[in-house]
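Asker: Next come the chains, spelled out residue by residue.
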Amino acid sequence: MSAAAGAAGGLVLAADAPPNPWFDPSYVVDNWETILRYLGEHVRLTIAAVVLGAVIALPLALLARRSRFLAGPLLGLSTVIYTIPSLAMFAFIFPFTGLSSTTVLIGLVAYSLVILVRNFLTGLQGVPADVREAGRSMGYGSLRLFWQIDLPLALPAFMAGLRIATVSTVALTTVGVLVGHGGLGQLITGGFNANFYRAEIVTGTLGCVLLALVADVLLAGVERLLTPWARLARA
Amino acid sequence: MNAFQDAIVYLNDPFNWTRVGGILDLLGVHLAISAVAVLAAFVLAFPLGVLLGTSGRGGGAVIVLSNVSRAMPTLALLTLFAVSPIGFGNKATTIALAVFAFPPILTNTFVGFRGVDADVREAARAMGLSRTQVIGRVDLPLALPLVMTGLRTAAVQVVATAGLAALVGGGGLGRIVNLGFGQQNYALIIAGAILIAALALLTELLLVVLTWAVTPGPRRLPFLRTRTAAGAAEPTPVAAGMPL
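Listed in order, the protein sequences are those of chains A and B.
Quick note: the first sequence uses this note's numbering, first residue 1, plus one each step.
Quick note: the second sequence uses this note's numbering, first residue 1001, plus one each step.
Errors might be hidden in some of the hints.
[What the hints assert, rightly or not] Chain B side only, calculated, beta carbon under 8 angstroms to chain A, not exhaustive:
#, residue
1, A1003
2, V1177
3, L1201
Since the hints were derived computationally from the structure, they do not count as laboratory data.
Here the structure is a predicted model, which means the values were calculated and not measured.
Glycine included, every Cβ here is placed at the ideal spot set by N, Cα and C.
Go ahead and model the full structure; you've got the sequences and the hints to work with.
Answerer: Right, dumping it as structure tokens:
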């Protein structure tokens, strides 16, 4: 009798427990607008961070190549910034810029800057000195020297840096949930806070991974287009 | 900046450190979670890396793993484990962190062991060393710098990421930052951030010194190596760090 009641109780409980599937296409369909809005923010933050990082990193890398006294402290400082956890970084910036996407952007720029400076410097140091010498003796000015000799020769390293920076920026943007601007990360913590809504969490996660993959493939394509000579050499 | 002064005041109060659930308690949890995660990852990844590296097989899979792990947001994995049947809390956090520590250790061990000069190995074999002796006495010392790089990357990553666990119901120092955001208390946020950043930097420093102590041969601290512009000569540590 009591066993039967227990079994019945168990059945009722099982029926009561709401289904919480990991994958739910209807969630994606029903919340398409929200997902797109967060995706848009994610993409905007990533592009802005990588572009700003590159714009700041390039002159720094050029300076660091010129003087070795500058390169040491620059690389040391970049190691320190690299080691600061994103949570702490966003928390440090938060009192200045508040709950805005600027807080996230500044943190992301700092990280992408650090990655890019290192890769840009590696690329520039890999340019053979005799080629630069030859360019200069042919009367190239410093701008032309950079544009026609340094840039093409260092391009593979530059692009490698951009790809790493982009992929890790996509992943890092999610930590922006701390200040309410984490792009697709909002879905991840949103799902967690909405009583462990798995479909929302998985959507956010897959969105991030797919975005990183697409960005990486796009940049690989850009690299291919920009370096037609590499393709010729391979063929 | 007022919040920074208040944060220093908060950190200067011994009671904030010693009370139940204070900084020392949270630090203990933070370190325990991180240590278990790194250790578990090392126990699994190191033998696998040695196996794959010495046989020279599976390189493609290792590189794919390290690339995918870079695209996977740390927050996402922490959340996924927190809502899995394991339940949120320190257990789920530890498993998620161990998953994160796995790729850098595996990749660097693999690259380190694969990079050992075949001639050196051949010579050791010719001198009568057994296969296991070659791994222990020839491969390991030569691969050690990269193995330690992997361990350092993983440890710093785990210590840093453990702070994020507080966002999804885990413990550790991230609690302070999370509480600060909940209470709109800037001083608390900054104090937590200072603690987490200091812990990550200390971990890095400690492991750099440890690497220097255990690495045979010319004793050079890793951060001095960058200044001698030997960066190009280093083998490619594929999963070298990324921001956390």
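Asker: Against chain A, with CB atoms and a cut of 8 angstroms, does the hint on B:L1201 hold up?
Answerer: Hint holds; B:L1201 Cβ to chain A Cβ min 5 angstroms, cut 8 angstroms.
Asker: So, as I understand it, the hint says B:V1177 touches chain A; can you test that by seeing if any CB pair is closer than 8 angstroms?
Answerer: 5 angstroms, holds
Asker: Verify the interface restraint on B:A1003: the C-beta must sit less than 8 angstroms from at least one C-beta of chain A.
Answerer: With a minimum Cβ separation of about 5 angstroms from chain A (threshold 8 angstroms), the hint on B:A1003 holds.
Going down the numbered hints, you'll see the structure goes against none, and every one checks out.
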